[in-house]
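K.L.:
Same order as they appear, the protein sequences are chains B and C. Per the working numbering, residue 1 is the first one in the first sequence, and the count goes up by one each step. Per the working numbering, residue 1 is the first one in the second sequence, and the count goes up by one each step.
Everything labelled a hint here was simulated from the structure, so no lab data went into it. Check before you lean on any hint, since a few could be wrong.
Stated by the list, open to error - Computed cross-link-like contacts, DSS-like style, restricted to lysine-lysine with a CA-CA straight-line distance of at most 25 Å: (1) B/Lys511 with C/Lys463; (2) B/Lys306 with C/Lys611; (3) B/Lys193 with C/Lys612; (4) B/Lys328 with B/Lys193; (5) C/Lys530 with C/Lys540; (6) C/Lys611 with C/Lys540; (7) B/Lys35 with C/Lys486; (8) C/Lys463 with B/Lys506; (9) C/Lys234 with C/Lys278; (10) B/Lys533 with C/Lys190; (11) B/Lys190 with C/Lys611; (12) C/Lys612 with B/Lys306; (13) B/Lys35 with C/Lys35; (14) C/Lys307 with B/Lys611; (15) C/Lys193 with B/Lys612; (16) C/Lys359 with C/Lys234; (17) C/Lys35 with B/Lys486; (18) C/Lys453 with B/Lys35; (19) C/Lys486 with C/Lys421; (20) C/Lys463 with B/Lys515; (21) B/Lys234 with B/Lys368; (22) B/Lys404 with B/Lys506; (23) C/Lys453 with C/Lys511; (24) C/Lys40 with B/Lys35; (25) B/Lys190 with C/Lys533; (26) B/Lys190 with C/Lys612; (27) C/Lys486 with C/Lys35.
Unchecked claim - Listing some non-contacts, in silico: residues in chain C with all C-beta distances to chain B over 12 Å: (28) Thr118; (29) Val272; (30) Pro377.
A virtual CB, placed ideally from N, CA and C, is assigned to each residue, including glycine.
2 protein chains.
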Amino acid sequence: MKILKLGIGFLTAATLLASCGGSGNKNGTDGALNKNNAEKVYVAPGEHDEYYAFISGGYSGNLLVYGLPSGRMFKEIPVFSQFPTNGYGYSEETTPMLNTSYGFIPWGDSHHPDISQTEGVLDGRWVFINENNTPRIARIDLETFETVEIIEVPNSAGNHSSSFVTENTEYVVAGTRFSVPVPQRDMSIKDYKGEFKGALSFIGVDKETGSMEIDFQLLMPGFNYDLSHPGRGKSHGWFFFTTYNTEEANSLLEVNASQNDKDFIAAVNWKVIEEYVKNGGGTMMPAEYAHNVYDHHTHSATSTMKKEVRVVNPSEVPGAVYFLPTPKSPHGCDVSPDGEYIVGNGKLSTDLTVHSFTKMIDAIENKKFDGEAYGIPILNFDDIHAGSVEKAGLGPLHTEFDDKGNAYTTFFISSEVVKWKLGTWEVIDRKPTYYSVGHLTIPGGNSREPTGKYMFAMNKITKDRYLPVGPELEHSAQLYDISGEKMELILDFPTHGEPHYAAAIKADVIKGNAKQIYELDENKHNHAVKSEKDTRVERKGNEVHIYMSTIRSHFSPDNIEGIKVGDKVFFHVTNLEQDFDVPHGFAMIGQNSAELLIMPGQTRTSIWYPKKVGVWPFYCTDFCSALHQEMQGYIRVSPTDSDIELSWSLGDD
Amino acid sequence: MKILKLGIGFLTAATLLASCGGSGNKNGTDGALNKNNAEKVYVAPGEHDEYYAFISGGYSGNLLVYGLPSGRMFKEIPVFSQFPTNGYGYSEETTPMLNTSYGFIPWGDSHHPDISQTEGVLDGRWVFINENNTPRIARIDLETFETVEIIEVPNSAGNHSSSFVTENTEYVVAGTRFSVPVPQRDMSIKDYKGEFKGALSFIGVDKETGSMEIDFQLLMPGFNYDLSHPGRGKSHGWFFFTTYNTEEANSLLEVNASQNDKDFIAAVNWKVIEEYVKNGGGTMMPAEYAHNVYDHHTHSATSTMKKEVRVVNPSEVPGAVYFLPTPKSPHGCDVSPDGEYIVGNGKLSTDLTVHSFTKMIDAIENKKFDGEAYGIPILNFDDIHAGSVEKAGLGPLHTEFDDKGNAYTTFFISSEVVKWKLGTWEVIDRKPTYYSVGHLTIPGGNSREPTGKYMFAMNKITKDRYLPVGPELEHSAQLYDISGEKMELILDFPTHGEPHYAAAIKADVIKGNAKQIYELDENKHNHAVKSEKDTRVERKGNEVHIYMSTIRSHFSPDNIEGIKVGDKVFFHVTNLEQDFDVPHGFAMIGQNSAELLIMPGQTRTSIWYPKKVGVWPFYCTDFCSALHQEMQGYIRVSPTDSDIELSWSLGDD
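Full structure from sequences and hints, please.
P.N.:
Structure representation (structure tokens):
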């Protein structure tokens with residue numbers, strides 16, 4: 001029954017594995033410059049960083065907020081994973097956020113954050129981030145820095161070429177990395193070729209509220225869709241996706257998906273499809289997917305299961321999609337600030353390949369096609385090729401741009417960042433990274449207005465960069481000063497989780513909008529209390545609802561009797577505080593859930609199933625005042641058949 | 001039924017709440033010194049920090065590893081909480097670590113890390129840390145930086161005065177913060193006084209293996225036991241615990257536990273009790289508690305439920321316990337490096353109170369008692385008082401020591417650290433903190449040999465210290481250079497979770513011991529594979545076991561058919577890599593669990609319940625090589641009644 005064809009050693013493995021060399025000295029920094037560099041990254045106590053960096057948590061499922069140039073982490077925002085720290089994914093209000101068509105999923109693999117844009121410039125209203133494993137896209141609100149929406153992407157698998165936004169945040173896209181049967185059905189994996197499909201989803205974003213809705217899915221050939229970026233300026237209206245595995249192999253892809261000399265970048269004219277759909281084009285197809293929305297007034301999430309999605313066959317929409325031949329298995333897909341250049345490099349290559357948008361349009365208008373794939377026209381490489389940067393390094397992955405017409409490309413295998421000139425294709429500088437760099441970020445990246453002061457590289461291998469901490473390590477990032485002709489490595493900083501990509505923005509754009517508290521007056525939670533006099537305990541059969549408040553430094557009620565083994569006890573806890581940075585926490589001994597961490601003005605609910613007879617304490621988990629240690633209470637749990645009546649109190653007798 | 005006695009406004013609340021002032025300038029730093037400070041905290045790329053700091057994650061339930069002086073976070077070690085990032089608390093191997101007598105608990109509230117000692121000096125073998133909510137103590141191995149043992153503490157509630165160790169790590173202690181009925185029983189909360197007990201647990205630590213066992217529990221009067229520290233040098237053999245709520249109030253403690261002018265420090269002579277127990281003293285009492293152990297060779301945890309514990313009534317052991325009167329509601333309980341001074345301050349006071357061990361012994365020998373409480377002798381304050389630091393600040397909490405005879409005390413209400421001289425009690429310096437400082441740490445603290453270069457303050461309030469990130473914030477810490485006469489604030493750095501306390505140590509003591517990989521040869525996991533040829537799929541009824549391997553850059557097997565809806569599928573995944581920092585991850589679309597992040601040489605298991613017919617992908621979640629994106633596979637799920645036979649393959653056909 002076992003079919004085993006070993007392909008190990010088929011490539012000179014050593015050159016493909018992570019390299020730990022790089023071209024610099026041991027440290028990648030010049031000792032004489034250290035003093036100067038120290039000052040460059042130092043943010044003195046009481047001062048603020050210049051930039052926010054929203055760094056993906058990767059397989060943590062979360063999004064991290066850092067400051068630049070200090071490299072300090074200011075927040076971990078739970079997105080796709082349970083977060084015991086504040087009860088996200090455990091409390092009644094937040095568990096609906098992790099609902100999917102597969103049921104509740106406690107974990108996700110977040111990848112590529114992107115900040116909302118207006119007219120091609122980052123507007124700092126929301127961050128979008130994709131989940132790769134069980135395809136989803138989340139929206140994080142940059143007033144509260146909380147996840148406010150998650151939409152599942154049906155017909156997709158490995159939602160990797162996502163979640164980049166168009167110039168006016170018309171769409172956030174989600175391209176499948178793995179092709180699958182669409183619709184899903186019981187078929188042999190061996191019949192993949194020609195049968196599996198790759199869905200590219202265009203998710204509309206409401207201009208005012210940010211609310212997401214899947215407008216259409218392009219059902220593309222069964223390739224792997226790796227990364228993507230929108231056109232801008234002259235190329236606004238287009239979206240570009242790298243593909244690999246155009247071989248449509250289903251096993252041992254490290255060999256079988258590395259056969260074709262060239263794969264494609266798919267250029268998608270979404271304006272054409274938008275028009276097509278507006279005129280009734282496409283088909284509504286049954287598809288189950290969750291749409292989860294969190295409301296800051298009810299402080300609660302709701303999950304709705306959607307039942308269908310509009311799919312579009314690209315071969316039926318003339319002018320919608322073209323394939324740009326691109327060297328073997330390209331990974332990154334990056335568009336220059338002016339929208340003219342599309343960079344997509346063979347990921348095992350030494351060269352960088354750049355396509356020209358102008359030449360592409362010209363070739364399309366002149367119908368200079370070199371055949372088609374599944375009905376999609378293929379352009380000639382030479383007709384669209386803007387230029388190449390030759391022998392630039394080994395294993396080019398991702399490219400970002402500065403404000404001076406330069407591009408910066410990471411090389412995974414040779415562990416370096418190479419700076420080169422758009423248009424002349426000359427290499428200007430190269431600096432080692434430590435080690436095996438994946439993405440890089442320049443604040444303002446993926447917009448018309450990148451900045452020119454800092455660039456940071458996010459590495460896949462850490463090894464000896466920090467004090468050793470056993471086999472499992474944080475990833476390492478390197479911050480470079482790019483204000484001069486040559487890049488200067490100025491800081492090593494660890495990142496939390498796996499930093500796939502980051503979006504960064506000038507702090508001034510958003511810092512003034514951040515909320516400090518939730519207004520108690522505006523709390524519309526079903527089980528909120530607005531003052532201590534409303535606190536109470538109610539029994540409905542074996543359900544007991546405790547309407548509790550917190551304020552420095554006591555709970556009300558703080559003594560409760562009449563609870564019985566077998567009850568289902570709801571703690572609805574409202575934090576009555578209205579001062580900035582005065583959360584209270586709630587935890588109950590032996591509670592089979594996480595704590596509740598409750599922000600000022602917020603209500604949170606936890607369920608407790610008392611199992612043992614006795615008198616059990618609860619307390620505030622957040623050191624809230626000089627008398628925090630006194631902020632505690634007791635609940636008496638009596639046997640199931642006890643006739644102890646429900647009672648509660650604040651104050652002793 | 002509702003008994004409400006509001007006590008709000010009973011104190012001039014403003015003075016008790018967090019103060020955001022402090023005595024310094026806005027930033028707490030002198031602009032002219034910034035350059036110099038930048039260099040002091042800068043660890044250039046490629047260089048290493050001088051100290052490890054193990055900072056409690058507080059309500060994250062975890063332990064964080066930082067470097068000093070850079071303030072960079074190198075690792076989050078999951079301890080008491082589920083950790084979606086690497087599957088801790090989700091994978092079959094690790095879920096037993098979170099088992100308790102209440103069942104599986106996904107969250108904990110970690111508090112006070114302490115490093116193991118030999119002859120009063122930190123030996124860097126293990127870190128112990130307590131869980132406050134459902135009382136437990138964990139041991140983290142400093143070769144692997146993983147949690148290897150968790151023991152539950154029965155008869156305890158709010159395990160706060162923990163987990164400090166004695167001079168030779170003879171014991172790690174766990175003192176209850178909340179007193180409860182012992183044994184637990186159905187009684188009225190109002191009958192607390194005189195009926196509830198406070199258990200102080202002494203947990204023996206095996207000299208060689210570190211393995212923990214509860215040797216005895218002292219059943220103390222029903223006070224709140226807040227913090228503790230061991231004697232050392234001359235006071236070795238003693239342990240000191242602060243108490244509050246000697247009023248034995250059960251409600252609104254912010255008022256009712258602040259009545260007595262003095263509470264106590266309990267001085268426990270554990271050598272006397274050890275002798276008593278050795279001679280058969282104490283009583284074995286039925287008590288259910290979990291003891292969870294993780295083995296690095298089987299890569300698996302096992303949970304055992306213990307059935308009884310030895311309890312000791314202190315009033316029956318002459319010479320075992322004495323009460324030292326200490327100003328109202330003391331919080332911290334700190335012992336000087338020479339073991340002579342015990343610092344325990346009234347936490348709303350302006351003064352610091354220091355007891356003398358020598359005077360205490362003298363008073364005991366001369367039987368100078370001032371009555372007793374529940375059979376425990378009370379000493380006279382004046383007989384044991386070494387000295388006071390008067391009008392030092394407002395709200396003193398914790399004290400640490402340097403190598404020059406100085407002490408450093410945090411003041412929560414006045415938001416500052418005050419440096420003072422042991423013996424002369426004079427104030428040498430004061431510096432503001434931002435804001436409302438709780439604990440502070442000097443590397444080498446809680447040992448005979450504290451260091452004298454750095455001190456850091458861990459604050460409870462952050463507010464404006466960093467770029468704003470909405471209502472929920474990381475906590476702020478401040479690093480001070482204490483090498484001179486005056487302290488200098490040199491760095492603000494955020495901490496992850498809630499930093500209750502930290503243990504810090506010179507990097508040289510442990511950095512050489514850190515493991516880089518797990519040896520595949522030594523992998524004794526029941527379901528490990530040692531090479532690709534052992535990979536296979538086995539069906540046992542509706543259970544399917546997939547024995548899978550990972551190596552750059554493929555899974556074996558990577559195509560699996562014959563799985564059916566309704567099956568219970570076990571993925572047993574072994575990472576065959578033997579290179580440092582080459583983990584692989586495993587995730588399956590729609591999997592109702594977290595990913596597996598598998599270190600080189602390690603095996604991890606995840607269970608999947610396929611619910612939908614179709615062909616579903618899995619992939620490696622950790623960017624492992626230049627062909628990482630090719631590391632994927634498919635599983636075909638057929639209907640329950642399908643007759644598709646089990647098959648699997650590596651390599652296509």
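K.L.:
Look at each hint and say if it fits the structure.
P.N.:
Hint-by-hint comparison with the structure:
Of the supplied pair hints, the one linking lysine 511 of chain B and lysine 463 of chain C holds, its CA atoms being roughly 13 Å apart against a limit of 25 Å. Between lysine 306 of chain B and lysine 611 of chain C the CA atoms are separated by roughly 18 Å; this keeps the pair inside 25 Å, and the hint holds. About 22 Å separates the Cα atoms of lysine 193 of chain B and lysine 612 of chain C, which keeps this hinted pair within 25 Å; it holds. Taking the CA atoms of lysine 328 of chain B and lysine 193 of chain B, the gap is about 19 Å. The hint holds against a cut of 25 Å.
Restraint check for lysine 530 of chain C and lysine 540 of chain C: the C-alpha separation of about 22 Å stays at or below 25 Å, so the hint holds. The hinted pair formed by lysine 611 of chain C and lysine 540 of chain C meets the criterion: a straight-line CA distance of about 19 Å does not exceed 25 Å. Restraint check for lysine 35 of chain B and lysine 486 of chain C: the C-alpha separation of about 24 Å stays at or below 25 Å, so the hint holds. Between lysine 463 of chain C and lysine 506 of chain B, the direct Cα distance comes to roughly 20 Å. Compliance with the 25 Å bound is thereby established for this hinted pair.
Proximity of lysine 234 of chain C to lysine 278 of chain C is assessed by CA-CA distance (about 23 Å); at most 25 Å being required, the pair is judged to hold. Among the hinted pairs, lysine 533 of chain B with lysine 190 of chain C is consistent with the structure: their alpha-carbon atoms are about 22 Å apart, no more than 25 Å. For the proposed pair lysine 190 of chain B and lysine 611 of chain C, the alpha carbon gap of about 22 Å is at most 25 Å, so the pair holds. Pair hint lysine 612 of chain C plus lysine 306 of chain B holds up; C-alpha atoms about 17 Å apart against a cutoff of 25 Å.
Restraint check: the Cα-Cα separation between lysine 35 of chain B and lysine 35 of chain C comes to about 9 Å, which is no more than 25 Å; the hinted pair holds. Restraint check for lysine 307 of chain C and lysine 611 of chain B: the C-alpha separation of about 17 Å stays at or below 25 Å, so the hint holds. Of the supplied pair hints, the one linking lysine 193 of chain C and lysine 612 of chain B holds, its CA atoms being roughly 22 Å apart against a limit of 25 Å. Of the supplied pair hints, the one linking lysine 359 of chain C and lysine 234 of chain C holds, its CA atoms being roughly 12 Å apart against a limit of 25 Å.
Distance restraint check for lysine 35 of chain C and lysine 486 of chain B: the Cα-Cα separation of roughly 24 Å lies within the 25 Å cut-off, and the hinted pair is therefore satisfied. Between lysine 453 of chain C and lysine 35 of chain B, the direct Cα distance comes to roughly 20 Å. Compliance with the 25 Å bound is thereby established for this hinted pair. Proposed proximity of lysine 486 of chain C and lysine 421 of chain C is supported: the alpha carbons are some 13 Å apart, at most 25 Å. Between the alpha carbons of lysine 463 of chain C and lysine 515 of chain B the distance comes to roughly 12 Å, so the proposed pair stays at or under 25 Å and holds.
A distance of roughly 21 Å separates the Cα atoms of lysine 234 of chain B and lysine 368 of chain B; the hinted pair therefore holds under the 25 Å criterion. With a C-alpha separation of about 18 Å, the suggested pair lysine 404 of chain B and lysine 506 of chain B falls inside the 25 Å cut-off, and the hint holds. Among the hinted pairs, lysine 453 of chain C with lysine 511 of chain C is consistent with the structure: their alpha-carbon atoms are about 19 Å apart, no more than 25 Å. With a C-alpha separation of about 10 Å, the suggested pair lysine 40 of chain C and lysine 35 of chain B falls inside the 25 Å cut-off, and the hint holds.
Of the pairs offered as hints, the one joining lysine 190 of chain B and lysine 533 of chain C holds, with about 22 Å between alpha carbons and a cut-off of 25 Å not exceeded. For the given pair, lysine 190 of chain B sits about 19 Å from lysine 612 of chain C by alpha-carbon distance, which is consistent with the 25 Å threshold. Proposed proximity of lysine 486 of chain C and lysine 35 of chain C is supported: the alpha carbons are some 18 Å apart, at most 25 Å. No Cβ of chain B approaches the Cβ of threonine 118 of chain C within 12 Å, the least distance being about 21 Å, so the stated non-interface status holds.
Against chain B, the non-interface label of valine 272 of chain C holds: every CB pair exceeds 12 Å, the least being about 29 Å. With a least CB separation of 26 Å from chain B, proline 377 of chain C remains clear of the 12 Å interface cut-off, as annotated.
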